[in-house]
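With chain A's structure known, arrange chain B on it following the hints.
Protein chains: 2
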Amino acid sequence: MNIIGIDLGGTKLLGIRADEDGKVLAEDRVPTLAHEGPDRVIDRIIDMIGRLAKAGPVDAIGIDVPGPADPFKGIVYGPPNLPGWPEKGVHLLQIAKDRLGYGDKVSLTLVNDANASALAEYSYGAGAEKFMGKKIRHLVFLTISTGIGGGVIIDGKLLLGANGFAAELGHVIIDAFGYRCSCGSAGCFEAMASGTALAREGALIVASRRPTLMADMAGGDPDKVDAKVVSEAAQKGDPAALALMEREGMLVGVGVTNFVHTFNPEVVVLGGGVTHAGDLLFKPARATVESRIMPAYRGTFEIVSAVLGDKSAALGAVAAAVTGDGRR
Amino acid sequence: MNIIGIDLGGTKLLGIRADEDGKVLAEDRVPTLAHEGPDRVIDRIIDMIGRLAKAGPVDAIGIDVPGPADPFKGIVYGPPNLPGWPEKGVHLLQIAKDRLGYGDKVSLTLVNDANASALAEYSYGAGAEKFMGKKIRHLVFLTISTGIGGGVIIDGKLLLGANGFAAELGHVIIDAFGYRCSCGSAGCFEAMASGTALAREGALIVASRRPTLMADMAGGDPDKVDAKVVSEAAQKGDPAALALMEREGMLVGVGVTNFVHTFNPEVVVLGGGVTHAGDLLFKPARATVESRIMPAYRGTFEIVSAVLGDKSAALGAVAAAVTGDGRR
Numbered sequence: 001m002n003i004i005g006i007d008l009g010g011t012k013l014l015g016i017r018a019d020e021d022g023k024v025l026a027e028d029r030v031p032t033l034a035h036e037g038p039d040r041v042i043d044r045i046i047d048m049i050g051r052l053a054k055a056g057p058v059d060a061i062g063i064d065v066p067g068p069a070d071p072f073k074g075i076v077y078g079p080p081n082l083p084g085w086p087e088k089g090v091h092l093l094q095i096a097k098d099r100l101g102y103g104d105k106v107s108l109t110l111v112n113d114a115n116a117s118a119l120a121e122y123s124y125g126a127g128a129e130k131f132m133g134k135k136i137r138h139l140v141f142l143t144i145s146t147g148i149g150g151g152v153i154i155d156g157k158l159l160l161g162a163n164g165f166a167a168e169l170g171h172v173i174i175d176a177f178g179y180r181c182s183c184g185s186a187g188c189f190e191a192m193a194s195g196t197a198l199a200r201e202g203a204l205i206v207a208s209r210r211p212t213l214m215a216d217m218a219g220g221d222p223d224k225v226d227a228k229v230v231s232e233a234a235q236k237g238d239p240a241a242l243a244l245m246e247r248e249g250m251l252v253g254v255g256v257t258n259f260v261h262t263f264n265p266e267v268v269v270l271g272g273g274v275t276h277a278g279d280l281l282f283k284p285a286r287a288t289v290e291s292r293i294m295p296a297y298r299g300t301f302e303i304v305s306a307v308l309g310d311k312s313a314a315l316g317a318v319a320a321a322v323t324g325d326g327r328r
Numbered sequence: 329m330n331i332i333g334i335d336l337g338g339t340k341l342l343g344i345r346a347d348e349d350g351k352v353l354a355e356d357r358v359p360t361l362a363h364e365g366p367d368r369v370i371d372r373i374i375d376m377i378g379r380l381a382k383a384g385p386v387d388a389i390g391i392d393v394p395g396p397a398d399p400f401k402g403i404v405y406g407p408p409n410l411p412g413w414p415e416k417g418v419h420l421l422q423i424a425k426d427r428l429g430y431g432d433k434v435s436l437t438l439v440n441d442a443n444a445s446a447l448a449e450y451s452y453g454a455g456a457e458k459f460m461g462k463k464i465r466h467l468v469f470l471t472i473s474t475g476i477g478g479g480v481i482i483d484g485k486l487l488l489g490a491n492g493f494a495a496e497l498g499h500v501i502i503d504a505f506g507y508r509c510s511c512g513s514a515g516c517f518e519a520m521a522s523g524t525a526l527a528r529e530g531a532l533i534v535a536s537r538r539p540t541l542m543a544d545m546a547g548g549d550p551d552k553v554d555a556k557v558v559s560e561a562a563q564k565g566d567p568a569a570l571a572l573m574e575r576e577g578m579l580v581g582v583g584v585t586n587f588v589h590t591f592n593p594e595v596v597v598l599g600g601g602v603t604h605a606g607d608l609l610f611k612p613a614r615a616t617v618e619s620r621i622m623p624a625y626r627g628t629f630e631i632v633s634a635v636l637g638d639k640s641a642a643l644g645a646v647a648a649a650v651t652g653d654g655r656r
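Quick mapping for you: the protein sequence lines, in order, are chains A and B.
Under the working numbering, residues 1 to 328 are what the first sequence spells out, in order.
Under the working numbering, residues 329 to 656 are what the second sequence spells out, in order.
Isolated chain A (complex conformation) (with noise of 0.2 Å):
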């Protein structure tokens, strides 16, 4: 099979031609230039699924979008990152078929970008037979980053509830009384765990004044602290970087053992920028998943890092039009 998958983040729009093993035969990759609002946006993706097409006959696309998708419906509702998305919803799957002239030809298959990072890590990715050394059926993937997004995997089929909204895994509340949130709550997995929230306790340390790396690599600026700068502190042996570490791990450990007694999944899938601290932030969240998680469940689950890297969406949106996950 010859399956085109579109990765459209805020900032960049991915292509890839893959086979339905997953392994990419093409590439293709242009600015999303978000700013310009969602038709020039949509332009883009067509004219590249377009050049990507060129090469041979085309089976089946699927397109990933960085926000709540109704899979069902093919309708975009609002990313938060793509400005000039309605609320109300963009069919895209809609138009995008209006517009390529495949007809029925062609299927067209609509995911959430944190759900096709879920799905390609469980086909082709650190859930899958080649490194499991097993085949397994149950899995949860987190990616920590600026935000934090989840995906799930159920009995091999993706979690995608009532309107393919499900797994919003960064917004499940893991301190009811804690920071507010983007997205309007407070206290969410994301709130206290992203790397904007390792972010915001490194830039609230330097804005006090303690002596710490973290002030120097940040030219003593607060707003100048990024995720990267705490953990490279840490990486260097400064004491308040490492504290601000070994709580992030706590914190991620907390939203691990949550969705592991939530799924009771066979492998638990960790990427995301902010898991490239590997042993700051995977010691201290396995420990804390090691003190909190209930018997029973001993044994049961492996933590892993992701392996796909920043191709892990578009691969993903190749599974979906593969699997059928995603679309009715």
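Keep in mind that the hints are not guaranteed to be accurate.
Unchecked claim - Dumping the calculated DSBU-like pairs for lysine-lysine here, alpha-carbon to alpha-carbon at most 35 Å:
id, chain 1, residue 1, chain 2, residue 2
1, A, 157, B, 564
2, A, 157, B, 340
3, A, 135, B, 611
4, B, 564, B, 340
5, B, 463, A, 97
6, A, 88, B, 425
7, A, 73, B, 416
8, B, 485, A, 97
9, A, 134, B, 416
10, A, 135, B, 425
11, B, 416, A, 23
12, A, 130, B, 401
13, B, 425, B, 401
As the list claims (entries may be wrong) - With the C-beta cut set under 8 Å, the calculated list includes, among others, these residues of chain B facing chain A:
id, residue
14, 466
15, 484
16, 487
17, 494
18, 497
19, 501
20, 504
21, 510
22, 511
23, 623
24, 624
25, 625
26, 627
The hints are simulated quantities; they were obtained by calculation from the structure and are not laboratory data.
Since the model is a prediction, treat every value here as computed from it, not as a measurement.
Quick reminder that beta carbons are idealized off the backbone N, C-alpha and C, glycines included.
Relative to the frame of chain A, chain B by itself:
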């Protein structure tokens, strides 16, 4: 069909004979006498099945248990309120099969009690077509009582996970820095919002000697404050108790928000003793959900009361035996 459903509780053993539509044809109750240990409790289960089977043919038997259970293997893992049941597990289904002597003619199904109640409310109760006015496929059930239990229906099937341990929704952490939980973790939904947690908050106020109806009702003894005392004092207008019910509703709302973001269900069914407080609980819970839910989810779900009462788990054991959910 003639199905027997056995609800093994910490204090009572309830057995019913029902048809596949959940119509109860006979009923049997005895005390569990859990302190006598697993062998005697299993004797009582076998005896009860024998009594219920006397009236006519039996097609299937479902048993629900108050703790972690592997429905695929038929094993019960040391339920906290069944003393003497080992953590390494009791092969309840195999034992029952051997002792009943039905061979393969009668299927035996094991299910966790909260999962059973979820399945019952979905099949015969608040989530059924006659109550919802439409067919639904996605439901979250929460029972808020001494502890908090949960069960989830996804696309018409019970969420079980890899070992049947999924949906331990009472042990999703909603306050990473919160109170110790009986499970060993801290800040679990159960530790923060169960009837036991509500009683703890009431007891703290009574112990502080602030004037409150709760003190009068408990004879000034903090140990005599239970969830019912708090809710009855609130019903009578006691300001301290009203504030606690407001907090309780907020915390329940946090949990409901989490599970809507996780599962995107069409309905959230709330049962258990604490929900008998009615509007005192539901009003702040709904207000919290309203303010914390993400825009895309608005109008996609309802929050309703459970309708099956204390027979829900036994009916769920029947439903599990009918659908095959809870075994393989």
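Are residue 564 of chain B and residue 340 of chain B close enough, with their CA atoms no more than 35 Å apart?
Within the cut-off at roughly 32 Å; holds.
Does residue 425 of chain B lie within 35 Å of residue 88 of chain A when you go C-alpha to C-alpha?
violated (55 Å)
With the threshold set at 35 Å, check whether the alpha-carbon distance from residue 134 of chain A to residue 416 of chain B stays at or below it.
holds (24 Å)
Is the hinted pair residue 425 of chain B and residue 401 of chain B satisfied, with a Cα-Cα distance of at most 35 Å?
Satisfied, since the Cα-Cα distance of roughly 13 Å is no more than 35 Å.
For a C-alpha distance cap of 35 Å, please report whether residue 416 of chain B and residue 23 of chain A respect it.
violated (44 Å)
Hinted pair, alpha-carbon criterion (35 Å max): residue 463 of chain B, residue 97 of chain A. Please report holds or violated.
Given that 35 Å is the threshold and the Cα spacing comes to 31 Å, the pair holds.
Proposed interface contact between residue 627 of chain B and chain A, which counts if any beta carbon pair is under 8 Å:
violated (10 Å)
Does the CB of residue 625 of chain B sit less than 8 Å away from some CB of chain A?
At about 6 Å, which falls below the 8 Å cut-off, the nearest Cβ of chain A leaves the hint on residue 625 of chain B intact, so it holds.
Please verify that hint: residue 623 of chain B, Cβ, nearest Cβ of chain A, below 8 Å or not.
holds (6 Å)
Is the interface hint for residue 494 of chain B satisfied, with its Cβ closer than 8 Å to some Cβ of chain A?
Status holds, d = 4 Å.
Does the interface hint hold: is residue 511 of chain B within less than 8 Å of chain A, judged Cβ to Cβ?
holds (5 Å)
Distance restraint between residue 135 of chain A and residue 611 of chain B, which requires alpha-carbon spacing of 35 Å or less:
Violated, at roughly 46 Å.
Violated hints for the displayed structure, listed by number in ascending order: 1, 2, 3, 6, 7, 11, 15, 21 and 26.
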